[in-house]
Amino acid sequence: MSPADWQIVGFSLRMALFSLALVVPPGLALAWWLAKFHWRGKTLIETFVTLPLVLPPVVTGLVLLQFFGRHGVGGWLHRVLGLDVVFTWRAVAVALAAMSLPLFVRAARTAFEEVEVKFEQLARTLGAGEWRIFFTITLPLARRGVLAGVLLAFARSLGEFGATIMVAGNIPGRTTTLPVAIYEAVQADEDNHAWVLAMVSAGVAFAAVYASEKLSRRR
Amino acid sequence: MNPERLTATFRKQFPGGPEIGVEDLRLDGGVTVLFGASGSGKTTLLRCLAGLERPDRGTIHFGGECWFAADRKYFLPARRRGVGFVPQDFALFPHLTVAGNIGYGLNPLSAGEREQRVAESLRWLGLEALAGRLPRELSGGQQQRVALARAVVRRPRLLLLDEPFAALDTPTRLRLRGELRQQLRHTGIPTVLVTHDRFEALALGDAVVVLHGGRNVQQGPVHEVFSRPVNLAVAEITAVETVQPGRIVEIQDGLATVTVGDVRLTAVAGDLPSGTREVYVCIRAEDVILMPPEAVQSSARNRLAVTVRQLVREGPLVCVHLAGSFPLTALLTQPACQELALREGAPLIALVKAPQVHLIPFVR
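Protein chains in written order, with my numbering: chain A, 1 to 219; chain B, 1 to 364.
Don't take each hint at face value.
Said to hold, decoys possible - Only pairs whose alpha carbons sit at most 27 Å apart, straight line, appear in this in silico DSSO-like list of lysine-lysine:
1. A:Lys-42 x A:Lys-118
2. B:Lys-353 x A:Lys-118
3. A:Lys-36 x B:Lys-353
4. A:Lys-36 x A:Lys-214
5. A:Lys-36 x A:Lys-118
If you're looking for bench data, these hints aren't it; they were derived computationally from the structure.
Build out the structure end to end from the sequences listed, making use of the hints.
Dropping the structure here:
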C-alpha cells in the first residue's frame, strides 16, 4: 500500500461518512413519514425513493450531473454561494448519498413499522407531543433496524462506482474513490495493485454487512 | 352537579366493521364498569374517551369541557385530555426502566419534583425494589402496578382501565382484584374500567354501564343493574342464573302474582308498563335460600318444592341446580351445603323473597 493508496482509502471512508450525514436526517424523516402515514399517491413517492436502487448507477449519475451542472441548480450554487459541485469531492458525497438513501430509507421504514402503535398512543395519553414521541419511543425502539440501515448505507457508499464516475470523475487525489481506483488499476494492467485495493474494500464491506446482519437478526 | 361528570353521545363506524353507538352515557365519580361480552364495543368506547379514536358523530364532554363535538369538528387530542390510560396488555415502554416508565408523563415538571413523584408512587405500590428493572423482568402483577402508577402519577382527571386483569393468570387475578379496589379508592380519581367478568364488575364497580351490540343498554348502580336487568339481553350478559317465561295473573298493592309452569310466584311489580301480561322471571342464584323439606313457616313469599339435580363447585361456593316446576339455580357456601347434606336427588324447599323476583316485560 503506497501513500497514494492510503489517501484513497481514507478519502473513501471520509466520503462514505459524509454521505451518511447527508442521508440520515432526511432519510429518518422520510422513513417515518412513509411508515406512519397513509395518503393517496404514497406509492409514487415510494417508487421514486427506490428508483436509484434499480436504475443503472450511471443513469442516476447522469441525472445528478444534469441537476448540479451549469444549467441546473449547480449554476445557481456557483453564482450565489461560489460552490462548485461537479467533479469535486462534493459531487462524490452527493453521488454516494443519492445511491445509499434508498437502502437506508427502506431499512429505517421497516424498523419504524415494526414499532407497535400502542406505545406511541400510550405516550400521547401521557401528554407527549409527536417530536418527543419520535425521539423517546419510536427511534429507541427502532434503533437496531435503523442502525442496520446506517451500516448498509455505509457499505453501499464504499462500493459506489457508476454514479461517482459520472458526476465526480476520476481526479487523482481529489475525487478518486476505492472502486474507481480499482477500475483504473485494472485498466493500467496493474492487477496486483487492484487486488490489494479490492481486499481492503472487501474487508470493510464485510465488517459493515456482518454488523448490520447481527443487528437486524438478534432481537 | 358533579364537576367531574362525563357525558357522551356518539357514534363510531369502522369500515366494514361494527358500529358502536353510545346514547346519553353519564359517568360520575367512583368506579364505573363498562360491562359486556367481547365484541360489544367496550374497548372502542374506552379509546374514544381516551382520545385515541375519533368518533364520527356526536359529542363528549367532561367536567364542563368539550372533548369532542362533531358538528364543530372539534376533537381534543389524547395528550391534552389529562386522562390516565391503562391498556389491556399494559404497553409498558420496553426500553425504559420501571422508574423511567412511571416518570415518562411527568415531563413538564422539574427534575427534582419528577423524582419525588416517582418515588412516592413507587412507595405507594410497593415497587421501590424494582425501580431499575426493565418491564420484561417483571411478573404480570408487577407490570400491572407499574402501568397503574404511570397513569396515576400524573394525577389525571379520569382514569381508564381496559380489562386490567386480562393479561394475568387466575390466582394473580383473584389476589390483585382486592388490591386494585383499594388502590382506586386511594387515588379518588373517577375511573372507567372495562371488563367482561361479572365478579370483577361486582368487586370493583360502584356503577355499571352494560354494553350490548355496541349500544349502552343499561346503566346504574352495580347491584341494581345486576339484579334488575331491563331486558333479556342484559339478563343474559349479566348471567342471571334463572330466567323463565311467566304470565302475570294479577297485580295488587304493588305485588304481582305470576305463574311459571304450574306454580305461582309473588314479585314486586315495580315499574312494569301497565297491561304487561307476558314476562320473564329473573332470579339470581345468591337470592335463593334452601331448607330441608320438613321446615316450617317463613316470611319468604315464594316457597317451592324442588329436588337437587346437580352440584357444581365454584371455589368456596357451590352452584346447586334444582328441578321442580321450573329449573332453578341456587348459590351456597360449602359449609351450608354440608349442613344440609345435599346430594343429587334430595328433596328440598327453595325460598325466594318477593323483591328478589325480578320481572322483565316480554317484547315480541
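Cross-check of the supplied hints:
1. This hinted pair checks out: Lys-42 (chain A) and Lys-118 (chain A) have alpha carbons roughly 24 Å apart, not beyond 27 Å.
2. Straight-line distance between C-alpha atoms of Lys-353 (chain B) and Lys-118 (chain A) comes to about 50 Å, which puts the hinted pair past the 27 Å bound.
3. Pair hint Lys-36 (chain A) plus Lys-353 (chain B) does not hold up; C-alpha atoms about 60 Å apart against a cutoff of 27 Å.
4. Distance hint between Lys-36 (chain A) and Lys-214 (chain A) is fulfilled; the C-alpha atoms sit about 26 Å from each other, no more than 27 Å.
5. Among the hinted pairs, Lys-36 (chain A) with Lys-118 (chain A) is consistent with the structure: their alpha-carbon atoms are about 13 Å apart, no more than 27 Å.
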